[in-house]
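Undergrad: Note that the protein sequences, when read in sequence, are chains A and B.
Per our numbering, the first sequence starts with residue 39, numbered consecutively.
Per our numbering, the second sequence starts with residue 4, numbered consecutively.
Rather than coming from a laboratory, the hints here were simulated on the basis of the structure.
Ideal Cβ positions, reconstructed from N, Cα and C, are used throughout, including at glycine.
It is possible that part of the hints are untrue.
[Said to hold, decoys possible] Cβ-to-Cβ under 7 Å is the rule here; a few derived chain B residues that face chain A:
hint, residue
1, R732
2, A783
3, P785
4, V797
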Amino acid sequence: MEIIKAISIGALFGIGLYQLLRRNVIRSAIGLSIISNAINLYLLSVGAYDGVVEAYAKAVGQRSDALPQALILTAIVISLGGFAFVLALLYVIAARYRTGDSDEVKGLSH
Amino acid sequence: MLALPIIACLIGASAGAAFTFIPRVRSIPSHALGWLLAVAPASAFTAIVLHVPQITAGDALTWRIPWLPALGVEFAFYLDGLSALFGLIITGIGALVLIYAGYYFAPKHADKRATGGSHAAALHGKPSLHTTAHQTNAHFFLYVLLFMTSMLGLVLAGDVITLFLFWEGTSITSFLLIAYKTKDEEARSGAFKALFVTGGGGIALLAGLLFAAAISGSTDLMTILSNGDALRSSPWYPVMLGLIAFGAFTKSAQAPFHFWLPKAMAAPTPASAYLHSATMVKAGVYLLARLHPTLGNTPLWFWLLIVTGGTTMLLGAIIGLRQSDLKGMLAYSTVSQLGALTMLIGEEAPTAFKALAIGILAHALYKGALFMVAGIVDHETGTRDLRRLGNLWRVMPWTFLICGIAALSMAGLPPLFGFLAKETLLAAELEEVLPRLTRIVLPAVTVLTGALMLAQAASLALDTFVTRPGVGWPAARHDSEDGRAHYALHAHEPPAGMLLGPAALAALSLIITAFRPEIVVGLLASAATAAYGAPVKVALDLFHGINLPLILSSTAIALGIVLFTLRSPIRSIPNARALNMNLIYDGVLRVLDRAADIATRTQAGRIRIYLAVILTAFFALVIAFGGLWRVFDGAALANLSRRLFDEPFSTQTALRAFGLILAVAASFVSVIIRRDLLAIIALGSSGLAIAVVIALEPSPDVALVQAVVDTLTLVVLVLALSRLPHAQRRRAEELNDSGIQKWNALLAVAGGALVTALCLYAFGSRPRTSLVTPYYEQNAKPLTGAADIVGAIVVDFRGFDTMIEITVFSVAGIGVFSLLRYAMKKRETAGLPAEGEIESNLAASSQRPLPPTISGIDGGRTSPFIRALGYVALLLAFILAVVQMVYGHDQPGDGFTAGVTLSLGIGFWYVVFGYDEAKQRLRFLRPGLLIGAGILTVMAGSTAPTFLGGGFFSPFDFGAALGLPLPEGFYISTSFLFELAICLAVLGAATLIIDTLGHPERDLE
Chain A
39 MEIIKAISIG
49 ALFGIGLYQL
59 LRRNVIRSAI
69 GLSIISNAIN
79 LYLLSVGAYD
89 GVVEAYAKAV
99 GQRSDALPQA
109 LILTAIVISL
119 GGFAFVLALL
129 YVIAARYRTG
139 DSDEVKGLSH
Chain B
4 MLALPIIACL
14 IGASAGAAFT
24 FIPRVRSIPS
34 HALGWLLAVA
44 PASAFTAIVL
54 HVPQITAGDA
64 LTWRIPWLPA
74 LGVEFAFYLD
84 GLSALFGLII
94 TGIGALVLIY
104 AGYYFAPKHA
114 DKRATGGSHA
124 AALHGKPSLH
134 TTAHQTNAHF
144 FLYVLLFMTS
154 MLGLVLAGDV
164 ITLFLFWEGT
174 SITSFLLIAY
184 KTKDEEARSG
194 AFKALFVTGG
204 GGIALLAGLL
214 FAAAISGSTD
224 LMTILSNGDA
234 LRSSPWYPVM
244 LGLIAFGAFT
254 KSAQAPFHFW
264 LPKAMAAPTP
274 ASAYLHSATM
284 VKAGVYLLAR
294 LHPTLGNTPL
304 WFWLLIVTGG
314 TTMLLGAIIG
324 LRQSDLKGML
334 AYSTVSQLGA
344 LTMLIGEEAP
354 TAFKALAIGI
364 LAHALYKGAL
374 FMVAGIVDHE
384 TGTRDLRRLG
394 NLWRVMPWTF
404 LICGIAALSM
414 AGLPPLFGFL
424 AKETLLAAEL
434 EEVLPRLTRI
444 VLPAVTVLTG
454 ALMLAQAASL
464 ALDTFVTRPG
474 VGWPAARHDS
484 EDGRAHYALH
494 AHEPPAGMLL
504 GPAALAALSL
514 IITAFRPEIV
524 VGLLASAATA
534 AYGAPVKVAL
544 DLFHGINLPL
554 ILSSTAIALG
564 IVLFTLRSPI
574 RSIPNARALN
584 MNLIYDGVLR
594 VLDRAADIAT
604 RTQAGRIRIY
614 LAVILTAFFA
624 LVIAFGGLWR
634 VFDGAALANL
644 SRRLFDEPFS
654 TQTALRAFGL
664 ILAVAASFVS
674 VIIRRDLLAI
684 IALGSSGLAI
694 AVVIALEPSP
704 DVALVQAVVD
714 TLTLVVLVLA
724 LSRLPHAQRR
734 RAEELNDSGI
744 QKWNALLAVA
754 GGALVTALCL
764 YAFGSRPRTS
774 LVTPYYEQNA
784 KPLTGAADIV
794 GAIVVDFRGF
804 DTMIEITVFS
814 VAGIGVFSLL
824 RYAMKKRETA
834 GLPAEGEIES
844 NLAASSQRPL
854 PPTISGIDGG
864 RTSPFIRALG
874 YVALLLAFIL
884 AVVQMVYGHD
894 QPGDGFTAGV
904 TLSLGIGFWY
914 VVFGYDEAKQ
924 RLRFLRPGLL
934 IGAGILTVMA
944 GSTAPTFLGG
954 GFFSPFDFGA
964 ALGLPLPEGF
974 YISTSFLFEL
984 AICLAVLGAA
994 TLIIDTLGHP
1004 ERDLE
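Work out the full structure, taking the sequences as your base and the hints as a guide.
TA: This is how it looks when you write it as structure tokens:
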């Protein structure tokens, strides 16, 4: 399982990178989102306990590690905020340079 | 308080700035402004004067505040005789220059003469400043005062970093002052030249000072000064000295870097008088004198300074005599004088430092006066060309008198200060300690220089005021009788205030030596002592009996008179091209331009290529130094493989694997699919698949958040998609050149492989027990009353984190809003609402009439069925949100999920009803208010327990405390308030994002 997970995270990261490096800015944004998913998955998987039951006080058995979960919760929220901001920047670029092509974004335009 | 003079000047500068910017104050007449601002340097002058008795008694004052304590750098000031001498020159002449400048920039004093003045200006093709720049000249005062602050800081600095800071300050303010007449091409190129040379020297100086600081172990000037032996014996000594000397030579216009100074004469004359003769150009001299006790007294020091200084002295004097511009001649004679001062610092004899102190003061006095006179002449006649000037003494007798006194001092004639300067200079060169060769060469050079200076001084005074125009110039373009009569008619004495500066300086040149030498003797002696490093006696007696210096001096005078009478033939000798450093400077600039051109070509200017380069470098670094071999470490690998094969097969495992494969596959689809909208949907599926994997972890809270966030991401992406120009995106896809794409693919594969390796290593070696988690598991229920451990961590144990998190999220929402409103403002069309407050904006846009055709996200009218679904969806979202908030404590779900769920319901309305209608229906929705309410609630909720016996963010059940009858499982506790606050803030921020990104920008494509 861990090997599949490792390969999947690597694959998600690689795909995200490829998307990030594309000319079309929307694809770059998609790439960013995929990369943040991959990283969240990674963080979740390095928890100390491989849980069988949810991290609830009443649950019986090996609970999943609550700490990385709580941290990822924060990470997901922050990356959503950051992502929205990136989209706003893309819009500003589109409005100023009249393009959605990152290669066309050159020099300072007003 | 040692910083007082600097503070006084800074206050003056701020006042100057205020005068520049406040329109009403701008109407203060220029000359009144000059008097007013002169108060600043005058008070600084007084502050230093009050310290003089202490200093002459042998004390040095220090004042320091820590600046970069970790590096041992302090903002330190140090006042001894040398600093005080310079400080007095800077503030004293500064005050006079400000007063003078006030009149210089004043409009021509009377209208009836304005015709004459402008006629003269037009006649000679020299635009004079005062006719045009009346409105803006407060800038000049600002720059001068800023310069004054920098210069004072430079000479008072007690730390080499402080010194460097102010050193650069003088270069920059000098640039601003030279380029003051911004429309004048010559002024701009002169300013750039000065900055290029002195700025380059500044960088070398910094390096040299850092060497000195490193060797002596401190940036403190005192430590450096007391570590002379260590510095001199260091193997780095030649490098250090070379760098520092380079800085000093460029600043003080020593050959071969002297060429910037004459070009700097494009500055307004008050600036030239102040910066480029009296103060700034002496900064290099100051630095060398300051460092002499610690770096000096070596053969290298001696020869470097003697040769450079001597050459500069002679060169400046020779070129100076050939100048036809008043200021040009003064500039070259300044170069010559600076050479003499540099040469003196090289000589290891008390007399030399006595001569240095006298020379600094004497030169500042007479040259300042002469520059101001040149400014007056320019101001009155509209020209500074010696070939056109002449015969002015009848109309400007007072100016002539002042000029005469100053010129006599420059010529080195008794009983003026300049005579003393030359006498001691000659005496210093005849010192026994000097090598025999220099004892012959230097006096000879000095006598020649002295003669040339006398000829120039005579030319300055006589060719301007006495002889007829054109006399003394080969093939001069003689002005017509009209032209000559013209000056006689229109030139006249300047206002008394304008004469004050030069008169005071010229008078001092006379008074000090002839009548009251005791007022400066003590100061000069302590300055010379500080520079020499051992006590130096200074006496200002004019007559020492018939001795060798006097004989040499008389020779120089006689030779000078001969040179003056022969000036016309001398001037007709053609220029020696080889001496023209400007050609070399131009060549250097061309080479630099070419280099910049080549460097620019390596810049692709494409963002993704920069990114690819950065990533390549990063991966290369990770591969080289990241310790990747550890992945193949036996133990970790064995561990992994054992678990791989030992792991029992279960449905859960299979489902997880399926979810992961689904996520990767969906992401891959987002790469290969052509339409952007479909790629976004693929991204959404990938995110949902990951939510499934997380749910199987099992961690339902995170899965829930992942699911709603993924959906919201999808929504904002689709909204953004509709606003990015479609055609270019398509073209961008088609133009993608395959070479770069292949490289990107390679990078992606490498990155993926690296991350896989990292994951394998991390999974194989992660700790199997946690120190923190068990604590949370045991204490979640008893301490916070929450069964949901993750929820308890988020809102209780790490509540402060979460508070900041929602603040960041809110700020992101507001950021999106302001960015887009800003972009919109840029392209504002009449129909769009004005920018401004969140509330007013939203209110404004909601009042707009509905456009008849627009409805739904792509303009088509949506079916009633879907519209009904919209109402239901929002209602359901609301119920869901409330449930999640109320029971999130024990069940999956929290305030964040609730907020996002609600926003999704609202986002659905935007899609179904279209922007305008949704806006109108949701008029009550105020995102700004929601964000504010949310953040205030969390603050109030977390602070309240401190008044109720708990701590900040400690759990508290308000419901139970008040005895409210609440249903089972529902508590009005701090964590519930927190959830509510998160929900409100997230709802506000998310709707703000949806609203701004969803704003229809109809004219974009």
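Undergrad: Does R732(B) hold up as a contact with chain A if the rule is Cβ-Cβ below 7 Å?
TA: Given a least distance of 4 Å, the restraint on R732(B) holds.
Undergrad: Should the hint that A783(B) touches chain A count as held when the rule is a Cβ pair under 7 Å?
TA: holds, 6 Å
Undergrad: Would you check whether P785(B) satisfies its interface hint, that is, whether its CB is within less than 7 Å of any CB in chain A?
TA: violated, 9 Å
Undergrad: Is the shortest C-beta separation between V797(B) and chain A less than 7 Å?
TA: Holds, about 5 Å.
Hint check: a violation occurs at hint 3 only; the rest are consistent with the structure.
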